[in-house]
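Chemist: Residue numbers (my numbering), protein chains in the order written: chain A, 3 to 378; chain B, 3 to 378.
Incorrect hints may appear among the rest.
It does not matter which identical chain is used: a pair holds within one copy or between any two.
Stated by the list, open to error - With a cut-off of at most 20 Å between alpha-carbon atoms, the simulated DMTMM-like pairs for lysine to aspartate or glutamate come out as follows: (1) K99 to D363; (2) K374 to E341; (3) K99 to E4; (4) K374 to E349; (5) K374 to D215.
No lab work stands behind these hints: they were computed from the structure.
Protein chains: 2
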Amino acid sequence: VELSGERFRVVYHLRGTPAEARERALELCNEQTVEFPGDLLGRFDPAVATEVVGRLEALAPLDPGRHAATVSFATETVGGPDLPQLLNVLFGNTSLKPGVRVEQIELSDGMLSTLHGPRLGRQGLRELLGVQGRPLLCSALKPMGLSAAELAQIAGRLALGGIDLIKDDHGLANQPFCPFDERVQRCAAAVAEANARTGGHTLYFPNVTAPADRLVERARRARELGAGGLLVAPALVGPDSVRRLADDDLIGLPIMAHPALLGSYLVAPDQGLSCRVLLGQLMRLAGADAVIFPHHGGRFSFTPQDCREIAEGATCAMGPLRPLLPVPAGGINLARVPELCAFYGDEVILLIGGDLHRGPDLVASCRAFREKVERR
Amino acid sequence: VELSGERFRVVYHLRGTPAEARERALELCNEQTVEFPGDLLGRFDPAVATEVVGRLEALAPLDPGRHAATVSFATETVGGPDLPQLLNVLFGNTSLKPGVRVEQIELSDGMLSTLHGPRLGRQGLRELLGVQGRPLLCSALKPMGLSAAELAQIAGRLALGGIDLIKDDHGLANQPFCPFDERVQRCAAAVAEANARTGGHTLYFPNVTAPADRLVERARRARELGAGGLLVAPALVGPDSVRRLADDDLIGLPIMAHPALLGSYLVAPDQGLSCRVLLGQLMRLAGADAVIFPHHGGRFSFTPQDCREIAEGATCAMGPLRPLLPVPAGGINLARVPELCAFYGDEVILLIGGDLHRGPDLVASCRAFREKVERR
């Protein structure tokens with residue numbers, strides 16, 4: 003087998019003693035590639051064992067009982083721009099073994115040049131919104147159970163109040179009480195009307211998460227109906243389907259990724275994928291311009307370290323791939339805005355959902371949110 | 003909001019004291035639907051709080067510190083045949099919280115009537131193979147790094163030896179050293195040639211896991227090139243993309259699902275999804291006719307209980323949905339065949355990969371495998 007010698011690198015954290023960690027790392031090198039008894043590889047072309055099998059480049063102790071293994075893989079194991087196969091080589095079978103976590107990835111320049119990443123990225127999104135130099139404001143249309151007309155009324159008030167990005171709650175799909183087309187048309191119209199009154203550039207991101215044979219159609223339809231971006235849940239549609247939307251010139255809209263069903267990769271500290279990789283690096287590979295996640299201290303269990311990792315993964319060097327914007331959310335309220343601004347700096351989208359509805363007037367709550375951000 | 007009253011039920015296992023479990027269960031009812039402060043729901047149509055929010059139907063203690071909560075959801079929260087949205091209502095946001103596991107699902111008759119499930123199911127697959135009344139035999143084409151011609155030679159020998167189902171290793175994608183079209187054409191031809199010699203009906207299942215815009219094309223191409231079935235990894239392409247393949251009359255082939263990247267939902271005992279739900283019930287909803295998983299005692303960490311649950315989920319009552327066949331795998335060897343036959347009974351596909359290559363002659367190893375199954 004002829005290989006170019008170009009390789010990409012993955013850092014795994016492994017539970018166990020030094021000897022166990024070494025054994026598990028070598029096992030992983032085999033499991034993620036040839037998945038074949040090592041003692042029988044001698045009967046094939048020697049390059050299978052030396053080049054195709056992952057290569058343990060380094061093994062370093064972390065805390066007692068935990069090691070960092072750096073493994074390199076030939077880029078040909080992925081073979082072209084193929085995000086599903088990249089995920090498979092990263093963690094496919096090994097996801098089934100406890101005590102292994104993908105901590106960081108470093109793709110080769112060749113691989114990065116074949117994936118487009120975010121269509122707009124954080125700068126492009128800011129240009130669309132005409133907002134520089136401050137955190138962006140986001141809110142969600144909810145609760146599920148309202149009609150399209152009721153949600154449109156909320157959308158209009160959020161836009162009047164100065165919210166930059168208004169997204170569907172990720173639970174709004176195509177329910178009989180709020181069909182997709184009607185919702186998108188009405189909400190986009192309400193936001194456009196508010197923009198005309200305020201002179202603002204609020205964008206509406208409907209949720210296009212949908213059955214596999216409807217996804218592209220729904221995203222294109224969203225654009226026709228006046229959407230300014232798309233919300234999609236990568237775990238529900240498959241991460242490469244997000245990339246498919248991002249690459250589609252007939253859609254051409256910014257994409258906000260929602261973490262629904264991704265949690266199981268993240269909630270156990272010593273297995274799955276790190277927040278940096280899953281919500282930062284992989285979301286950029288999938289073409290998301292912004293990624294929602296639960297900020298620490300809300301309804302969920304993310305740690306400050308998880309949140310920092312996402313912000314790092316959103317901007318770390320990845321060849322020509324644009325940075326994305328982190329969207330901390332998950333039960334944060336107006337009182338926490340200064341804290342979030344301090345934590346993330348200006349390159350962030352702050353998402354407050356339910357709490358904006360707490361006061362007597364939604365428009366006033368949005369203005370208070372906006373003021374808090376401007377006075378940060 | 004007008005709702006039919008039709009509801010589906012989900013059993014969650016929750017960590018915590020009785021009071022904590024109740025609080026978490028009620029939180030989940032809100033989180034999975036309206037995702038809105040409960041104290042503010044009063045301003046909307048009362049049916050939002052009483053019908054749209056999930057309903058805690060029962061809470062029963064399990065072990066100390068663990069409870070089973072039965073929650074019902076209005077079928078309209080999913081709204082039509084929409085597997086991504088079903089997954090979202092089941093576990094979308096709650097996946098981000100530790101200590102919650104989806105244990106069992108019981109869909110309404112209405113929902114089950116809109117999803118087709120496995121196209122062939124276990125009986126249809128047996129009819130294609132012409133094999134009744136014994137476990138089916140499966141092996142994998144590997145290792146990654148061989149050429150299409152080399153893999154085809156292995157495929158021919160596996161078929162000559164009497165293997166019923168020959169699948170690509172799930173790491174075979176469209177690598178430059180083994181392009182998809184060439185591999186499928188050569189391997190299908192080698193299997194057909196062996197069938198002609200033996201009078202057998204061995205089927206070849208190439209791996210069609212692919213980028214989102216190539217998946218359907220690759221599956222249709224596989225059929226044209228002589229494939230007898232498809233291998234696909236639901237977590238890599240999105241579970242509804244498997245359903246899309248299963249429902250496609252231009253493909254019409256049996257589907258074997260591979261668990262790559264699904265492990266993080268399964269490896270922690272008190273979070274994620276149960277094996278019954280994820281590898282049994284959900285794989286049937288996605289239209290898989292067979293599902294691969296690591297049998298206990300191999301290279302992975304599944305327990306006997308996990309394996310039993312998969313076998314149960316593969317056949318439990320789910321309206322008109324056909325049963326699927328469990329495919330225990332993951333480093334099992336010839337010596338364990340009698341044990342596996344005793345564990346699963348006859349309704350199983352036994353998958354042995356690398357171990358068949360251990361002896362001097364692959365055809366002889368396959369025959370030994372077949373004999374062990376026939377003498378079970």
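Chemist: Where does the structure disagree with the numbered hints, that is, which hint numbers, in rising order?
Modeler: Hints 1, 3 and 5 contradicted; others consistent.
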